[in-house]
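Residue numbers (the numbering used here), protein chains in the order written: chain A, 1 to 422; chain B, 423 to 573.
Do not take every clue at face value.
Derived pair list, reagent style EDC-like, types lysine to aspartate or glutamate, alpha-carbon separation capped at 20 angstroms [to be verified]:
| # | chain 1 | residue 1 | chain 2 | residue 2 |
| --- | --- | --- | --- | --- |
| 1 | B | Lys444 | B | Asp519 |
| 2 | A | Lys419 | B | Glu434 |
| 3 | A | Lys38 | B | Asp544 |
| 4 | B | Lys484 | A | Asp386 |
| 5 | A | Lys83 | A | Glu356 |
| 6 | A | Lys83 | A | Glu101 |
| 7 | B | Lys505 | B | Asp530 |
| 8 | A | Lys153 | A | Asp130 |
| 9 | B | Lys564 | B | Glu507 |
| 10 | B | Lys441 | A | Glu415 |
| 11 | B | Lys535 | B | Glu448 |
| 12 | A | Lys83 | A | Asp386 |
| 13 | B | Lys444 | B | Asp475 |
| 14 | A | Lys182 | A | Asp164 |
| 15 | A | Lys419 | B | Asp438 |
| 16 | A | Lys182 | A | Asp130 |
| 17 | B | Lys503 | B | Glu448 |
| 18 | B | Lys441 | A | Glu37 |
| 19 | B | Lys441 | B | Asp451 |
| 20 | A | Lys38 | B | Glu500 |
| 21 | B | Lys535 | B | Glu573 |
| 22 | B | Lys565 | B | Asp438 |
| 23 | A | Lys419 | B | Glu430 |
| 24 | B | Lys505 | B | Asp451 |
Just a few of them, taken from the derived set where beta-carbon distance is under 8 angstroms, the chain B residues facing chain A [as the list claims (entries may be wrong)]:
| # | residue |
| --- | --- |
| 25 | Ala427 |
| 26 | Phe446 |
| 27 | Ala489 |
| 28 | Phe514 |
| 29 | Tyr545 |
| 30 | Arg548 |
| 31 | Cys551 |
Covered by chain B, according to a simulated footprint, are these stretches of chain A (three or more residues, beta-carbon under 8 angstroms) [unchecked claim]:
| # | segment |
| --- | --- |
| 32 | 354 to 363 |
| 33 | 408 to 421 |
Hints listed in this document are in silico derivations from the structure and should not be mistaken for laboratory results. We put the beta carbon where it would ideally sit given N, CA and C, even for glycine.
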Amino acid sequence: MTVSSNAEISTSSLSKRDFDVERVRGDFPGLHQMVHEKPLVYLDSAASAQKPQQVIDALSHFYAHDYANIHRGVHELSQRATKAYENARLKVQRFLNAPSEREIIFLRGTTEGINLVAQTYGRANVSEGDEVLITTMEHHSNIVPWQMLCEEKGARLMVGPINDRGELDMDAFEELMGPRTKLVALGHVSNALGTINPVREIIALAHERGIPVLLDGAQAAPHIGLDVVDIDCDFYTISGHKMFGPTGIGALYVRESILEKVPPYQGGGDMISSVSFEKTTYNRLPFRFEAGTPNIAGAVGLGAAIDYLNNLGMESIAAYEEALLDYGTRALLTVPGLRLIGEASHKASVLSFMLEGIHPHDIGTILDQEGIAIRTGHHCAQPVMDRFGVAATARASLALYNTRADIDRLVQALETVRKVFS
Amino acid sequence: MSTDAMRELYQEVILDHSKSPKNFKELADASHQSQGHNPLCGDRLTLYLEVVDGVIRDVGFKGAGCAISTASASMMTEALKGKSEAEVEAIFGAFHDLVTGKVAEADDDVLGKLTVFGGVRDYPVRVKCATLAWHTLRAALKKTEQAVSTE
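Throw the hints in and build the complete structure from the sequences for me.
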C-alpha cells in the first residue's frame with residue numbers, strides 16, 4: 001500500500017505539519033453521535049463524505065448575508081454572490097492546477113460531467129465504427145453515458161481488462177487503443193476496489209496516438225493531490241459531496257483548446273451573449289456550458305471544502321490515509337475467512353471484502369447495529385462484481401477523519417458477525 | 423449491542439435455512455416460473471411451481487441471496503405445498519403484515535413457522551429481503567412475464 005510512491009502524488013513538498021486527526025474530527029459534527037446506542041464509526045465516505053463545520057458555516061453565511069442571483073444584477077447582493085461564485089471557480093482551478101478558470105465548468109457532479117462530455121464532445125467526434133475505450137473497474141456513471149453515445153452513433157464500447165488484484169492490464173489496454181479510438185475514459189481511483197490507476201502513463205500512451213483522455217476524479221479528489229497539467233489529461237471531473245462539500249455541485253475541467261470547439265450542452269439563460277428568434281450567439285467560456293441559475297451556494301460550499309483540504313494539505317492527508325489504509329488492510333486480514341476484493345499495489349481509501357459464507361447485506365445490518373456505517377452491494381460497479389465472481393461486497397471506505405480506533409471497532413464487530421453466523 | 427439482540431433477527435431456524443435451504447432445486451415440469459431480483463443487494467432467485475387444479479403440488483427455487491432472503495424463500499417453499507392460490511394469498515398477507523410491523527402479534531394459525539421472521543420489522547431496509555421470494559411467487563402465479571424487482 002504505497003500510495004505516496006505513486007507518480008500522481010507530488011511527494012517533493014511533503015508537508016512537515018503533523019496531521020492532527022483529533023482536531024480534524026472535531027471539525028465534523030456529524031461524526032459525534034450515537035447510532036443504536038454506540039458511538040458512530042463512519043466508514044462510508046466513498047459513498048458520500050461528512051461535512052466539516054467550516055463548509056456548513058460557509059453555506060449558512062452565504063444564504064444569510066450574500067445571497068442573490070449571479071451575473072446579472074447591478075445591485076450589491078448580486079455582485080457579492082457573483083464574486084463568491086466566481087471565487088469558488090478560482091479555488092477549483094487552483095485545486096486541479098488548471099491553467100485557466102475558463103476551463104472550469106460547474107455542474108451537479110461527476111455523473112453530469114461525464115454526460116456533458118459524452119453529449120457534446122462525444123456526439124461531435126464519435127461516428128459509426130469508432131470506439132470509446134473504458135476499463136472493467138468503472139462506476140456505472142462512466143459506462144452508461146458512453147453506451148448511450150455508442151448506441152446512438154453505431155460506435156463500439158471497448159473495455160480494458162483488470163487482473164485478480166484489481167489492477168488494469170496495461171499491455172491489453174494499450175493494445176485496445178486503436179486507430180478508431182476517439183476517447184479513453186477511466187476512473188482515477190476505483191470506487192469499488194480502491195485502485196489508483198497509473199493515469200499519467202495511460203495518458204501518455206493515448207496522446208502518442210492522438211486520443212484524448214477523460215478522468216473520473218470522484219474518488220481521487222478527497223484523497224490525493226491533483227494536477228491536471230502534470231498528468232496532462234484533457235477532461236477531469238469531480239463531485240463536491242465526496243470531498244466534504246455539499247451535494248448537487250461538482251466541476252468539470254476541459255483543456256481550453258478542446259473546450260473552444262465543443263458545442264454547447266444545455267440551452268438557456270446565462271449561456272448566451274445575445275438571443276433573437278433568428279440567431280443566438282453563445283457566451284464565452286466557461287459560461288457557455290452553464291445554462292440557467294446554477295447551484296450558487298453549492299459552489300460556495302465546494303470552495304469552502306477546498307479551503308479546508310488545502311489548509312490540511314493534500315500531501316499530509318494522503319500520507320495519513322496511506323498509513324491508515326495499510327493498518328486497515330493488515331487488521332482485516334487477521335479476520336478468519338475474510339477475503340479482500342481489490343489488492344492493487346497503489347490504492348486509496350477502499351477496503352472491499354467478503355466474509356466466507358456470510359452475505360455482505362447481513363454483514364452490513366449487524367455492523368449497523370454496532371454503530372458502524374459501511375456500504376454493501378455492487379457499489380454501482382456491477383462489471384467489477386462480475387469480474388470477481390461475486391454479487392456484492394462489503395465496503396469500508398476511509399477518509400481523513402478516520403482513525404485506527406475505527407478500524408479496531410470494525411474488526412471487533414466482524415467478530416460479532418462471525419459469532420452470529422457461527 | 424450484543425450477539426443476543428442480533429439473534430432476534432437471525433434466529434437459529436433462519437440461519438439453518440439460509441445455510442441449507444429446502445426445495446433448492448429446479449422443477450423439470452414447472453407449470454409456473456418467475457424471477458426475482460433485489461438490485462440493492464444483488465439477490466436473485468428463480469421460483470418454480472407445479473400447480474394442478476389450483477393447488478401447489480411442488481415448488482422449488484434457485485438463486486443466491488442474503489441469509490434473510492434465502493431463509494425466507496426456503497421456508498416459503500415448505501409452507502406452500504398443498505395450498506390453494508387463495509390460501510397462498512392469505513399467508514402472503516399475514517406475512518407481509520408481520521414483517522412490515524402492521525400487526526403487533528403474528529397470526530400463528532396462518533403463518534406457522536414463518537413467525538420467526540417477526541424480527542425483520544425492526545429492520546425496515548431488510549423487509550425487501552424477506553419478501554422477495556413472496557413477490558416472485560405472486561408474479562409466478564399471475565404468469566407475469568417480467569422479472570420482479572424490489573426497486
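Against the structure, the hints:
Between lysine 444 of chain B and aspartate 519 of chain B the alpha-carbon distance is near 24 angstroms, which puts this suggested pair outside the 20 angstroms criterion. Only pairs whose Cα atoms come within 20 angstroms are accepted, and lysine 419 of chain A paired with glutamate 434 of chain B is accepted, the gap being roughly 12 angstroms. As the CA atoms of lysine 38 of chain A and aspartate 544 of chain B are separated by approximately 17 angstroms, the hinted pair is consistent with the 20 angstroms bound. Taking the CA atoms of lysine 484 of chain B and aspartate 386 of chain A, the gap is near 19 angstroms; set against the 20 angstroms cutoff, the hint holds.
Straight-line distance between C-alpha atoms of lysine 83 of chain A and glutamate 356 of chain A comes to about 55 angstroms, which puts the hinted pair past the 20 angstroms bound. Between lysine 83 of chain A and glutamate 101 of chain A the alpha-carbon distance is near 14 angstroms, which keeps this suggested pair within the 20 angstroms criterion. A threshold of 20 angstroms between alpha carbons decides the hint, and for lysine 505 of chain B with aspartate 530 of chain B the separation of about 16 angstroms falls inside it, so the pair holds. The straight-line distance between the Cα atoms of lysine 153 of chain A and aspartate 130 of chain A is roughly 9 angstroms, inside the 20 angstroms bound, and the hint therefore holds.
A threshold of 20 angstroms between alpha carbons decides the hint, and for lysine 564 of chain B with glutamate 507 of chain B the separation of about 10 angstroms falls inside it, so the pair holds. Straight-line distance between C-alpha atoms of lysine 441 of chain B and glutamate 415 of chain A comes to about 19 angstroms, which keeps the hinted pair within the 20 angstroms bound. This hinted pair does not check out: lysine 535 of chain B and glutamate 448 of chain B have alpha carbons roughly 24 angstroms apart, beyond 20 angstroms. This hinted pair does not check out: lysine 83 of chain A and aspartate 386 of chain A have alpha carbons roughly 48 angstroms apart, beyond 20 angstroms.
Under the criterion of a C-alpha separation no larger than 20 angstroms, the hint pairing lysine 444 of chain B with aspartate 475 of chain B is inconsistent with the structure, at around 24 angstroms. With a C-alpha separation of about 28 angstroms, the suggested pairing of lysine 182 of chain A with aspartate 164 of chain A is violated against the 20 angstroms cut-off. At most 20 angstroms may separate the alpha-carbon atoms for a hinted pair to count; lysine 419 of chain A and aspartate 438 of chain B meet this at roughly 14 angstroms. Under the criterion of a C-alpha separation no larger than 20 angstroms, the hint pairing lysine 182 of chain A with aspartate 130 of chain A is consistent with the structure, at around 7 angstroms.
Simply put, lysine 503 of chain B and glutamate 448 of chain B have alpha-carbon atoms about 15 angstroms apart, close enough for the 20 angstroms limit, and the pair holds. Annotation: proposed proximity of lysine 441 of chain B to glutamate 37 of chain A is violated, straight-line Cα distance about 30 angstroms (limit 20 angstroms). Distance restraint check for lysine 441 of chain B and aspartate 451 of chain B: the Cα-Cα separation of roughly 26 angstroms exceeds the 20 angstroms cut-off, and the hinted pair is therefore not satisfied. Note on lysine 38 of chain A and glutamate 500 of chain B: the hinted pairing is violated, with a Cα-Cα distance of about 39 angstroms set against a maximum of 20 angstroms.
Pair hint lysine 535 of chain B plus glutamate 573 of chain B does not hold up; C-alpha atoms about 28 angstroms apart against a cutoff of 20 angstroms. With a C-alpha separation of about 31 angstroms, the suggested pairing of lysine 565 of chain B with aspartate 438 of chain B is violated against the 20 angstroms cut-off. A hinted pair counts as satisfied when its Cα atoms are at most 20 angstroms apart, and lysine 419 of chain A with glutamate 430 of chain B qualifies at roughly 14 angstroms. Distance restraint check for lysine 505 of chain B and aspartate 451 of chain B: the Cα-Cα separation of roughly 18 angstroms lies within the 20 angstroms cut-off, and the hinted pair is therefore satisfied.
For alanine 427 of chain B, the interface hint holds, the least distance from its beta-carbon to any beta-carbon of chain A being 7 angstroms, beneath 8 angstroms. Given the 8 angstroms rule on beta carbons, the hint for phenylalanine 446 of chain B is violated: about 16 angstroms separates it from the nearest Cβ of chain A. Residue-level restraint check for alanine 489 of chain B holds (minimum Cβ-Cβ distance to chain A is 5 angstroms; threshold 8 angstroms). Hint on phenylalanine 514 of chain B is violated. Least Cβ distance to chain A is approximately 22 angstroms, over the 8 angstroms limit.
Contact between tyrosine 545 of chain B and chain A, as hinted, is supported at the beta carbon level, the nearest pair being about 6 angstroms apart and thus within 8 angstroms. With a least beta-carbon distance of about 6 angstroms to chain A, the hint placing arginine 548 of chain B at the interface is held under the 8 angstroms criterion. At its closest, the beta carbon of cysteine 551 of chain B sits 7 angstroms from a beta carbon of chain A; the interface hint therefore holds under the 8 angstroms criterion. Counting residues of the segment 354 to 363 of chain A whose CB lies closer than 8 angstroms to any CB of chain B gives 6, so the stated coverage by that chain holds, three being the minimum.
Taking a C-beta to C-beta cut-off of 8 angstroms, the segment 408 to 421 of chain A contributes 4 residues in contact with chain B, enough for the three needed, and the coverage statement holds.
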